[in-house]
Amino acid sequence: MAWATGVGSMPGEDHAAYAEAVRVVLGELPDLPHVPELPGRGAPAGMTGRALAVVDGLGADLQPAGWRLTDSPGVDHRRARSLLAQDLDQVEEQAQDRTGAFKLQVAGPWTLAATVEKPRGDKVLSDRGARRDLAQALAEGVGQHVRDVRRRLSGVDRIVVQVDEPALPAVLSGSVPTASGFHRHRSVDRPEASDTLAWVLDAVTAADAEPWVHCCAAGAPLDLLRGAGARGLSVDLALTTAAGHDVLAEAVEAGETVALGVVPSTEPAATPSDKDVVEGVLRWLDMLGLDPGEVAGRLVVTPTCGLAGSSPRWVRPALALARDAAARLG
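Number 330 marks the last residue of the sequence shown (this note's numbering); no jumps.
I should point out that these hints are in silico values taken from the structure, not numbers from a laboratory.
Small disclaimer: the values here were computed from a predicted structure and weren't measured.
C-beta: ideal position from N, C-alpha, C; glycine also.
One or more of the hints may lead you astray.
Calculated pairs, DMTMM-like style, for lysine to aspartate or glutamate (alpha carbon to alpha carbon, straight line, at most 20 Å) [unchecked claim]:
1) K118 with D61
2) K275 with D324
3) K118 with D157
4) K118 with D56
5) K275 with D291
6) K275 with D286
7) K118 with D71
8) K118 with D133
DEER-style ranges, computed between Cβ atoms [stated by the list, open to error]:
9) S175 with G293: 35 to 45 Å
10) E192 with R120: 15 to 25 Å
11) G227 with R128: 12 to 22 Å
12) M287 with A327: 20 to 30 Å
13) R150 with G181: 41 to 51 Å
14) D148 with T271: 36 to 46 Å
15) R128 with D71: 17 to 27 Å
16) S273 with A179: 28 to 38 Å
17) Q96 with D246: 34 to 44 Å
From just these sequences and the hints, can you work out the full model?
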């Protein structure tokens, strides 16, 4: 059978909204629920703040220009860690009897390097040593994070860690702006990009979890992600290049997981049916020469991206649509 899950983020601005998000995820995505993210609560709950809460051995603080590494955790960094712990408490409370699979999300090393500044300013991306240190600290922290979640959800026997890398195409193309905004950081070569990402994916594997990488940006380097050790590729299908489709086909044929972003992440003018979604997936499989009966179990149906920017009324229908399409596809 095919599976369904969410990308990660959802709308909401307080603890009550988080508790409701957990209920929705557990109710609508029974086969592969995920730990929700509510970036609407502020920077400590956003993608970068969430990942810094996981990072081990490095401090950070929130400056007017964004997150910056520091000698010790600042008040916002401590807030990010506290929020993550509170959120996991909520997940543990509601999912204590869960078995099967569960998914976590964390920003990847290149997205962090492109969004976090060095202690004296400018992005970590500008300094090879700094980006190495941040990536290694992230890898160490991710392993600890997986072990914590496994302890909390003792009945879960399959943990997926989705490493989010929306900034990676910009890192590779040299289009990440400097602090001044007048220049761009030099592009990172693909071998370094792959090796650095591999540190984090290897840490996921070492923690006995399944490493996926999500990139919904145009031009996602899917061959690089797979070469770095991703055993699941999560994409916005509409933004995938011809070469990317070939990589997805290779991954599916090799028994790996492909998560197809095919459900609108914001409320559309006309809501598609699960039959509409499945017909789109079947056309894609036919284009690649793949037999639906043989590969359905390796496919996951998701929204095209996170749901944080959608209206609250669309969240439940979007996840239900993904679930129903996956059931029909299977």
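Status of each hint after checking the structure:
{"no.": "1", "hint": "K118 with D61", "in the structure": "11 Å, holds"}
{"no.": "2", "hint": "K275 with D324", "in the structure": "9 Å, holds"}
{"no.": "3", "hint": "K118 with D157", "in the structure": "38 Å, violated"}
{"no.": "4", "hint": "K118 with D56", "in the structure": "16 Å, holds"}
{"no.": "5", "hint": "K275 with D291", "in the structure": "18 Å, holds"}
{"no.": "6", "hint": "K275 with D286", "in the structure": "16 Å, holds"}
{"no.": "7", "hint": "K118 with D71", "in the structure": "11 Å, holds"}
{"no.": "8", "hint": "K118 with D133", "in the structure": "11 Å, holds"}
{"no.": "9", "hint": "S175 with G293: 35 to 45 Å", "in the structure": "42 Å, holds"}
{"no.": "10", "hint": "E192 with R120: 15 to 25 Å", "in the structure": "23 Å, holds"}
{"no.": "11", "hint": "G227 with R128: 12 to 22 Å", "in the structure": "20 Å, holds"}
{"no.": "12", "hint": "M287 with A327: 20 to 30 Å", "in the structure": "23 Å, holds"}
{"no.": "13", "hint": "R150 with G181: 41 to 51 Å", "in the structure": "43 Å, holds"}
{"no.": "14", "hint": "D148 with T271: 36 to 46 Å", "in the structure": "38 Å, holds"}
{"no.": "15", "hint": "R128 with D71: 17 to 27 Å", "in the structure": "21 Å, holds"}
{"no.": "16", "hint": "S273 with A179: 28 to 38 Å", "in the structure": "47 Å, violated"}
{"no.": "17", "hint": "Q96 with D246: 34 to 44 Å", "in the structure": "43 Å, holds"}
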